[in-house]
Each structure stands twice: as C-alpha cells, then as structure tokens.
Amino acid sequence: MKKILFLASMMVVLAACTNVKDPAVKEENGAMKMDSVTDSISVMEGKHQLTATIKIVAPVGNEALNKSITRFIMKAIDGKASVDSTDIKAIAHYFVTSTIDDFKKDVQEVGPEDAPRSYFLEIGKSYENDKVITMNANHDVYLGGPHGSFIINATTFNKADGQILGNNILAQDKLADVKNQVTKQLQDFFKDMMGEDYEKDSPLKENGKEKIVELPENGIFIENDSAVFVYQQYEIAPYAFGIPCTKIALKDLKKNGWLEEEFAKTVE
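The opening residue of the sequence shown carries number 5 in this note's numbering; numbering runs sequentially from there.
Derived by calculation from the structure, the hints in this document are not laboratory data. Every value quoted in this text rests on a predicted model; they were computed, and no experiment measured them. Certain hints may be false.
Said to hold, decoys possible - In the DSSO-like style, the derived pairs of lysine-lysine whose C-alpha atoms are separated by at most 30 Å in a straight line are:
#1 K259 with K178
#2 K269 with K183
#3 K183 with K209
#4 K183 with K135
#5 K59 with K37
#6 K59 with K84
#7 K163 with K84
#8 K215 with K188
#9 K195 with K215
#10 K163 with K178
#11 K37 with K269
#12 K255 with K269
#13 K269 with K258
#14 K183 with K213
#15 K71 with K93
#16 K258 with K135
#17 K269 with K188
#18 K255 with K215
#19 K255 with K188
#20 K195 with K258
#21 K215 with K183
#22 K93 with K163
#23 K163 with K259
#24 K108 with K59
#25 K51 with K71
#26 K84 with K109
With the hints as constraints, model all of the structure from the sequences given.
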C-alpha cells in the first residue's frame, strides 16, 4: 500500500512537468498513426510471485524515424541483437520472458524470502506536434524491500528525419546560464515541498552552500513547447523527494539566446 501511495503522489508531481496521459488514445489534427502491443507473464517460483508486463505504443512513420524510435525501445528493454527489432510483438515478448528469467535467477540466489518481483514497463507517446514527437519509457520495478523504484526516460525526435532533439537543442556556450536557471527553479520546487526545512536540509546544498545543478543524466526532452528537465530518484535528492522536475518554455530559451542557432529558427 505504501508503494501505491508513493507512486500516486509522485505522479502528481511529475504531471506538473510532463503531459501524463494514456498513449493509446488516438489523436487527430495530423497526429501519427500508432501501433500497439501488450504482453505479460505472471508465474510462481517457489513462494515468489514473479510478474513482467509491457505495453508499447509506437508511431508508424518514415524509415529514419522508425529506426530511431526502435533504438529507443530496444534500449528501454535492454534488448539483445538477436531480437527482431522490426516486430514490436517480438520485442514485447522478449522483454517479459527475459525479465521472468532474470527474476527466477534472482530468487534462487536470494533463498527462502517470499517477496514478489514485478516489472511494469510502459512505452508510448507523451507529446506530438507537427515537427516533433516525444516518446517516454516508464519503468515501475519492485524487487523486494521497503519500496520499489520508478524511472522515466523520455526522448524527443524530429519527425522528418528521426534526429534526437535533446541537450543538442541548447546553445553549448550558454549551458552555464541554463544550469543557473534550472537550479533556481529547482530551489523553488524544493522550497515549496519542504517549507521551513529547506534552509537546513535542502538536497541542493553542499557544505551549507547552494550548488549548481547539472543537466539531467538522461538529457532533456520537449513537451508542450517547453524543454523538460527530469531528475531520476537519487539523482539530485533522496528517494523521498521522488522525481524532481522543472521546465522552461522554448520561446523563453530562444529569447535569452540559450537555444542552438538552427533549432532556434524553428521556435516561434
């Protein structure tokens, strides 16, 4: 129950930064056609309940875009070269079978402890406009212990050629300015969450002084005409703070001269 309540509260915070919705919902106004598949396996291994579930909703686009998104999906499932990457049903089945195999090995090593193991992976579209599409991969994993883990990875692709649009949309000589702005916004995020405790216990302080936050390890992505900065659990703060995130409107990045020159031309 604690795990469920934590994930529910965490998703409320995450929704402030990302457009969390069912990726299977069909959209009009030029949105790309989507192909979807779901696969799941649940077995008992001794006293352990082992469950692996995957849902993939992927766009059907041009060859270059398809290849880029396939690489994103394969990375999300930690797919081997032997998997038929052109078949999302094969990809989905590989994930659930290989995950269950890994769980079986794990519980054999652990011994009699009867904690369940579960892995739910949802891959789908979180944002799309006439120029770009953003795919996310949400990993919800429980391997025993007091709580599970939740990871969100998202990547934006240029629909025309499949190019990834991440940290490369930022002017590389202005990264310090971007980091300063992100740090200020994250400070506000934690102040709102912590209240009076922020000054004493802020995770953004080092030796009592505010520190500049680096860009997210997994890079940035685009949603709702904004650059989104998502930090995974433990990346900049303890587990209890969930997944901190903030965003900056693309038009504001452009106004400040913080966008890469060619990409800035595409921002109105």
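- Message: Holds or violated: K59 and K84, Cα atoms, limit 30 Å.
- Response: holds (19 Å)
- Item | Hinted pair K183 and K135, Cα distance within 30 Å | holds (26 Å)
- Sort out whether K163 lies within 30 Å of K93, counting only the CA atoms. Distance of about 23 Å is within 30 Å: holds.
- Query: Within a Cα-Cα threshold of 30 Å, do K215 and K183 meet the stated pairing?
  - Reply: holds (10 Å)
- Query: Is it true that the CA of K37 sits at most 30 Å from the CA of K269?
  - Reply: holds (28 Å)
- Are the Cα positions of K163 and K259 separated by 30 Å at most? Holds, at roughly 25 Å.
- Message: Holds or violated: K163 and K84, Cα atoms, limit 30 Å.
- Response: holds (26 Å)
- Message: Holds or violated: K59 and K37, Cα atoms, limit 30 Å.
- Response: Judged against 30 Å, a Cα distance of about 16 Å means the pair holds.
- Message: Check whether the Cα positions of K258 and K135 lie no farther apart than 30 Å.
- Response: Since the Cα atoms of K258 and K135 sit roughly 17 Å apart, the hinted pair holds (cutoff 30 Å).
- Given hint K178 paired with K259 - CA-CA distance at most 30 Å: It holds: about 13 Å lies between the C-alpha atoms, which stays within 30 Å.
- Item | Restraint check for K84 with K109, where alpha carbons must lie at most 30 Å apart | Holds, because 18 Å separates the two Cα atoms, which is no more than 30 Å.
- Query: Does the structure keep K269 and K188 at a Cα separation of 30 Å or less?
  - Reply: Given pair K269, K188 holds - Cα atoms ~27 Å apart, limit 30 Å.
In this structure, the one hint that does not hold is number 25.
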